[in-house]
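Participant: Listed here are the chains, written in short residue letters.
There are 2 protein chains.
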Amino acid sequence: MSNNTYHTIVIGAGSGGLTVAVGMANLGKRSAIIEAKDVGGDCTNVGCVPSKTLIHQAEILGASGGPATALDEVRRKRNALRDKETEEFGHVPNLDLIFGRGKLLDAHRVQVSASDGSEQILTAEHIVIATGARARPLNIPGLPAERQLSNESVFEIAQTPQHLAIIGGGVIGMEMAFAFRKLGSRVSMITNADRVMERFIPEVAAALEPSLKAHGIALYTGATAHSYAVDEQVLRIERNAYIESLDGVDYVLVAVGRQKNLENVGLEAAGVKFDMRRGIDIDSYGRSNVPHIYAIGDVTPTSAFTHSANAQGRRVVQRIAFPLLPARSPEPFYPSATFSDPEVATAGMSQEQIAARYHPKLIKRIRIDLPTQTDRGYTDGLSHGFIIVDAIRLSGKILSVTAVGPRVSELISLFTLAIKEGLSLYKLYGVVYPYPTYSSGIGKVADTFLRETLPNVRSELAAYLRYRWAKPQTPSRAGKLTA
Amino acid sequence: MSNNTYHTIVIGAGSGGLTVAVGMANLGKRSAIIEAKDVGGDCTNVGCVPSKTLIHQAEILGASGGPATALDEVRRKRNALRDKETEEFGHVPNLDLIFGRGKLLDAHRVQVSASDGSEQILTAEHIVIATGARARPLNIPGLPAERQLSNESVFEIAQTPQHLAIIGGGVIGMEMAFAFRKLGSRVSMITNADRVMERFIPEVAAALEPSLKAHGIALYTGATAHSYAVDEQVLRIERNAYIESLDGVDYVLVAVGRQKNLENVGLEAAGVKFDMRRGIDIDSYGRSNVPHIYAIGDVTPTSAFTHSANAQGRRVVQRIAFPLLPARSPEPFYPSATFSDPEVATAGMSQEQIAARYHPKLIKRIRIDLPTQTDRGYTDGLSHGFIIVDAIRLSGKILSVTAVGPRVSELISLFTLAIKEGLSLYKLYGVVYPYPTYSSGIGKVADTFLRETLPNVRSELAAYLRYRWAKPQTPSRAGKLTA
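Those sequence lines, one after another, are chains A and B.
My numbering puts the first residue of the first sequence at 53, with every later residue one more than the last.
My numbering puts the first residue of the second sequence at 53, with every later residue one more than the last.
Rather than coming from a laboratory, the hints here were simulated on the basis of the structure.
Treat the hints loosely; a few may be bogus.
When chains are identical, the list treats them as one kind, so a pair holds in a single copy or across two.
Claimed, not checked - In silico PhoX-like cross-links for lysine-lysine, where the CA-CA straight-line distance does not exceed 25 Å: (1) 496 <-> 129; (2) 89 <-> 136; (3) 472 <-> 449; (4) 496 <-> 81; (5) 136 <-> 496; (6) 449 <-> 496; (7) 413 <-> 472; (8) 472 <-> 496; (9) 479 <-> 449.
Sequences are here, hints too, so could you generate the full structure?
Facilitator: And the structure:
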């Protein structure tokens, strides 16, 4: 086997790519991972790690603790982790970490162009595309490049902004809004949607928007960025065909979505099918239309979370290393966690997936309000927060969970486990939850379901039998919804 | 049925007692609940609710925010909840809430002595003893009564102490130490044990003691309170036969354990067996040796937590209301949560229970350190914390979990569910945990178990077969360990 021949080549050393490369190398398969920039990908460098460090610094320092210190600490920890990971992954047996830009020449050959201009061509039996995504840019007339931030550049500024305008009301915008506000910045959030977090059920926005207000973050819904006047530091936004001016805006963070890194990867040369918006089409084990070429993480249509990329990576390792094993389990529904204040976490199917598969009358929704229905919410003086569970009527099978509140990123995994193992709300009823915790709300959800079901078993059974095999009212979008 | 005749009488309107009384009343059974003092019992009045409110106030106010405000807020919330509960439980259909001291005259008659001196005698088919427990007092020579605090009186003081000495290093002492320290009090903790939290595995103390130190809480292990000099405000403690003096101690909180309320309940008259230390002997459904007399909560040998009392209460309702149903499930191992900083949470069996049932070589212990082995610990700059799981070798069956760290009171319920449903570490391996959370440490535990087991399946299987049915090395204490 020549030096340039590998069992598996991974393009992109983010979380998912590293999971595959290290996994294969540990199984004794000679592997290479190619990285154009920094080891650790978005998560370590411009994603979870710096953002969660910033959020933690904002919690412990507040506005008085020195916002510059916070950003310094973010960079220090981020760089230390990056250096450690680069060192560690550079010394994994059977694994070559190669810096440069990887591009498929055909279905088996990858050209690597290093920053010094040198080039080499590698070949492999299996190739994994893990090139990730980047922030989608937005053209705001008059806004100089150095005043426009993305999730990549936001952690590089020397000082926290005087007035940070955030375009976009999604996960990244929400996390940064609370963090910078706590560090003392004036923060304005502008979204063209009619509410924040529009990909979640509307109850999430209903809980978060009062918290934005309580923290002094100005929210402009149904609004778009119009232009920026650099001399006056004024951001003009357009709402209902009127122009409003936001004064003293020194930075504009654009967080209007992500764009998959599909260009210059050589997908066409290798015959890999993809769609510019959806990404590389894959089966539930990450395999593209070319059987030995896989894709994972943000470059695929799957959820854009580090934990999803890692889970996909583990499945790819399983698939490549043990190709004769039957596909044992469908790809899971990935949970989500947003570290806003309060936090948002989800598990299970989306509303669209439920609507495509089940008749609406088969679904029973239980909502528990954490401030009034848990004693922890009472002792902690909580204003907003809930656990909402959509379950199958009568059987109590859990389909979907959305939780908003402190610590919900930790309690959501109980639901992930329950959904994966097919444990119904009857089973969750029997769990003893420590008092007083927010998790005791899970017991309340189960208790409510039982109270509303058991005294009406006859009518619940009739509804179940009528709607269990009834057609859903939303047509299924084939292929997307198999779980 | 005369006015004084009930289906069920409950003595004691704490969490557990209320669960039974309301449960029976909701099933249409005429019930009475007798309370000598305040509705809500320890939890609402002198336990979880005021303590967690104080802990939360300490978190959000800190030393600068006004310690008096914190205690005022504690009392305000406590009283509001008590009033609300008193009102609500006073209006439950089929339920009489009766104030007075209840005492069994025989196995069916209960005498109620009200504070105005009036008396009445009630009879019932079923009687539930839920009289709870109280702080065990300690005689400290020279210490005036108004300077000695218990978990009952600690929330009544006007100002936070200048220097609070806490006798006892258990759950209550630990929670109060961190809360008052954060509110600005100087805090000294004195325990006669060689470590704090001695009922937990030693790793808990190893994680908490550095945190006590980091918070500036002085810890004296192997020490006892010797005497108090009221004029100098000096508490003398004895350690290694030497006397040390703690200056400026204005309050001494005694938290050296609990004493069950077994006196003046008429247990002897009713023929109910009990032990002054262990409490009322019950079967796994709360039934005493007298078949229609039950006991739940702190007055029983079971764990002294609100959630345990509630769970026991639900089981008693099930037992009384559906006596012909077979006992469907053994009494669960109750989880615990201590709201220290960091938090401590446990699920499953105790070390003693494991030792009594299994050969030590059958047990595999997995430890994950949250600061170094979870990215959340890294971004949050965590110093101490872990998840320790004791599982059966090879099978991965989970026996016992101890976790120390932020938010572990929320993540422990996943383990409670897994233990209850018999889900092994293999099943927990397959769960996708949101990144970056402390729960991802659960995935690391499972991953470590698999990595250490799968490459050595042959030797693990041999060990499993050898020790699975081997005698434990600690003799079982009959009856106590059936799960």
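Participant: Hints first: check each against the structure and report whether it holds.
Facilitator: Do the hints match the structure? See the list:
1. Within a single copy, residue 496 and residue 129 get their C-alpha atoms only as close as 40 Å, which misses the 25 Å cut-off; across copies the closest is 22 Å, which meets it.
2. Taking CA atoms no more than 25 Å apart as the test, residue 89 paired with residue 136 passes inside one copy only; the shortest distance there is 15 Å, against 60 Å between copies.
3. For the identical chains of this complex, residue 472 and residue 449 are neighbours both inside a copy (11 Å) and across copies (18 Å), given an alpha-carbon limit of 25 Å.
4. In the homo-oligomer, the alpha carbons of residue 496 and residue 81 lie at most 25 Å apart only across protomers (23 Å), although the nearest pairing inside one protomer, at 49 Å, exceeds that limit.
5. For the homomeric pair residue 136 and residue 496, the shortest alpha-carbon distance between copies (19 Å) is at most 25 Å, but the shortest distance inside one copy (44 Å) is not.
6. For the identical chains of this complex, residue 449 and residue 496 are intra-copy neighbours only, at 16 Å inside a copy versus 28 Å across copies, given an alpha-carbon limit of 25 Å.
7. Only within a single protomer do residue 413 and residue 472 lie at most 25 Å apart by alpha-carbon distance; the minimum there is 23 Å, versus 32 Å between protomers.
8. When the C-alpha separation of residue 472 and residue 496 is checked against a cutoff of 25 Å, the pair qualifies both within a copy, at 21 Å, and between copies, at 18 Å.
9. Proximity of residue 479 and residue 449 under a CA criterion of 25 Å is satisfied in both settings, with 10 Å inside one chain copy and 18 Å between copies.
The structure fails none of the hints (numbered hints given earlier).
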